[in-house]
Amino acid sequence: MLFHSVDDVSARLAGTGYLASRAVATTVFLADRLGKPLLVEGPAGVGKTELAKAVAEVAGARLVRLQCYEGVDESRALYEWNHAKQLLRISAGRDETWDEARTDIFGEEFLLPRPLLTAIRGDDPKVLLIDETDKADVEVEGLLLEVLSDFQVTVPELGTVTATRRPFVVLTSNASRELSEALRRRCLFLHIGFPDEELERAIVRLKVPDLDAALTASVVRVVGALRAMELRKVPSVAETVDWARTLLALGAGTLDETVVKDTLGVLLKHQDDVLRASAKLDLDAV
Amino acid sequence: MTAPGVAERLTSLVGALRAHGMRIGTGETVDAAHAVDALGLADREALREGLAATLLHSQVQRPVFDPVFDLYFPASVGGPRTAPADRDELRDRLAAALADDDTALLGRLAAEAVDGFGAYGSPSGADGWSSYQTLDRLRPQTLFARVRDDVRARGGGAGFDGRLVGDEVRRRIAHFRALVATEARRRVAERRDRDEIARRAVAPTPDRVDFLYAGKAQLAELRRTVQPLARKLATRLAARRRRAARGSIDLRRTLRASLSTGGVPVRPVLRRRRPVRPELVLLCDVSGSVSGFSDFTMLLVQALHDQFSKVRVFAFVNRVDEVTGLLVRGAADPEGLGARIDAEAALTSHHGSSDYGAALGEFALRYGGAVGPRTTVFVLGDARTNHGDPNLPALREITGRARRVHWLNPEPRDLWGTGDSVAPDYAAIAEMRECRNARQLGALVSRLLPV
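Same order as they appear, the protein sequences are chains U and P. Take the first sequence: its letters are residues 1 to 286, numbered as in my numbering. Take the second sequence: its letters are residues 1001 to 1451, numbered as in my numbering.
Among these hints, one or two may not hold up.
Stretches of chain P that chain U covers, calculated by requiring three or more beta carbons in the stretch to come under 8 Å of a beta carbon on chain U [as the list claims (entries may be wrong)]:
1) 1022-1034
2) 1044-1056
3) 1166-1174
4) 1217-1231
If the Cβ cut is set under 7 Å, some of the chain P residues that face chain U in the computed set are [said to hold, decoys possible]:
5) Gln1059
6) Phe1160
7) Thr1235
When the alpha-carbon atoms are kept at most 20 Å apart in a straight line, the in silico SDA-like pairs for lysine to any residue are as follows [as the list claims (entries may be wrong)]:
8) P:Lys1216 to P:His1175
9) U:Lys269 to P:Arg1231
10) U:Lys280 to P:Ala1220
In short, the hints are calculated from the structure, not lab data. Backbone N, C-alpha and C fix where the C-beta goes; we use that ideal spot for every residue, glycine too.
Could you build all of it, start to finish, from the sequences and the hints given here?
Spelled out as structure tokens, the structure:
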């Protein structure tokens, strides 16, 4: 057990600089209590990966990260035999009998543990982060099922490795591919959306403490208005913080048409979004 | 250990969610009970999040989950124990609460409003509570100007963000309306069968809304799903293409490569497929009833346009016109799409009802060149000809010229062939599929789109 209560989660995550909403804190608490993996979805830039890092810091645990990409496979995710070393071992011991050599080269020494196996072995606390799970192929999901439901990995030559201490598992997904129902069932589901105004103000204050408080409030309100528009890519928390930093660097005291117009590119990444937002915010009046 | 009453509450909540098409297994229900155990019942919002985390599998289920949760784990029981409110006085307090953006107070006001103005039926024992009636009497939307001026007067609207006040107030009013709806549902559920209310009074997830019966708000909701859906479909298409590209062994290059390993073909070389991006033609009925479906599909295909070498979109009512240009990204605002098509394309002759025969004939005649052996044609419409000639030869001609023709029909299959529908006749020539909601459309598009 890492946490006593939901409030304890909020307070300790805040201590590492991660301001969690009520939903995030509750779900993290449950994931710890029920010992289930946490599947985090949400738009880019709302702090999905950061959450795992923050939990690791709070728990004083080692963060083991598996970055998924198209074509990631067993030997990248689970374990691999160190072939080169095995060959060396064989040629070093020429006068050995076959039995001695065989039992020897499939030992721990020649095993290269990859993130999933690393997270399961050993007694120290760990946080396993499986990032961008949706990028991996469907076959890898099958691999994850065994690991995530029983926290064990089967290596044919060594036998089954079962976790003596369950890692805290966080999976993130951008929903570019629908994850399989089987995987979802094994996880607690958490959607991190855009934070409400108050929380976002607090985040900006934390990340850009030098920005004037009134300006911070204005920044958050404008971003909120942009999110309500039908845009191709609405600004995320990361963009809000970037914008706040930009305004600080420019030395802007208040928001006005010119400042917003010049810096809108920090928030919006498509030209037609910029056009539409300018029209809605009456920026062309100047 | 959870109290027995809670366990029962929980299982009926799960039952109501299942009735809305969510697949929740027993394992999840047990997890949810563990969650209740760990969180306790004191903090309702924590409980809500905890149950959502254990029972839900995706965010689209959330808009269904929240109202159902409110029914089974209500914030309070019975009406607010206050004197019946006076309308003007309540409006004053509401205006103040909206100006302050005081969410807790808004919730209490919603309860009072439903209690005071929502009851209908005989005066002796009221039969129910209506959010419609409450909002009709209270008219929160008419407070807009007052609240906005109030916020501005207090200096909340100084400087640049002053221009945002209007939209913010509008959002707060919409939020209050939602609170009233929730409260009215809760009061009704106290009176009648809760399971029944949960099934009927809670709107389905947007991807399961029937295109033909979708209201304006639901269509707007649907449009917001176009981009994510398109991204998902593009990923699926790319995966299908990759798989299709894996194929036969290139013998010449395999033998050439084997020379470096002493003539043993260690690594087989596969034949590369030349990427041919297919062409797509969309032929859409945009007349009244099916326009919601057509608009959505057009936007979806447009969002997918980089997957194809060429996309051409034609719209018809009883005449055909090309509308590809109207869909170009950036120029298009999705809301006004239907209106723009009406205004800028010549789709009707002397009457305004749809005529499939004439439209197909004209398409084959004027735009026949758009359809070639690499083209996949999608026809969207309900195949209701208003008793006109279905003009089957025209469709046969298009089918003969195209690589594939798919017909997507937004009507339920049971209704095909009833009344003036000639769906079975068309279905005999081109493959016709039922496509009633965004979920079905997504599944069809990912399967039918050419790779």
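Now the hints, each set against the structure:
1. 1022-1034: holds (count 6)
2. 1044-1056: holds (count 8)
3. 1166-1174: Contact hint for the stretch 1166-1174 of chain P vs chain U: holds, 3 residues under 8 Å.
4. 1217-1231: holds (count 5)
5. Gln1059: holds, 4 Å
6. Phe1160: holds, 4 Å
7. Thr1235: Check passed: Cβ of P:Thr1235 comes within 5 Å of chain U, closer than 7 Å.
8. P:Lys1216 to P:His1175: Answer holds: P:Lys1216 to P:His1175 is near 18 Å, not above 20 Å.
9. U:Lys269 to P:Arg1231: holds, 17 Å
10. U:Lys280 to P:Ala1220: Distance ~18 Å between U:Lys280 and P:Ala1220 Cα, so the pair holds.
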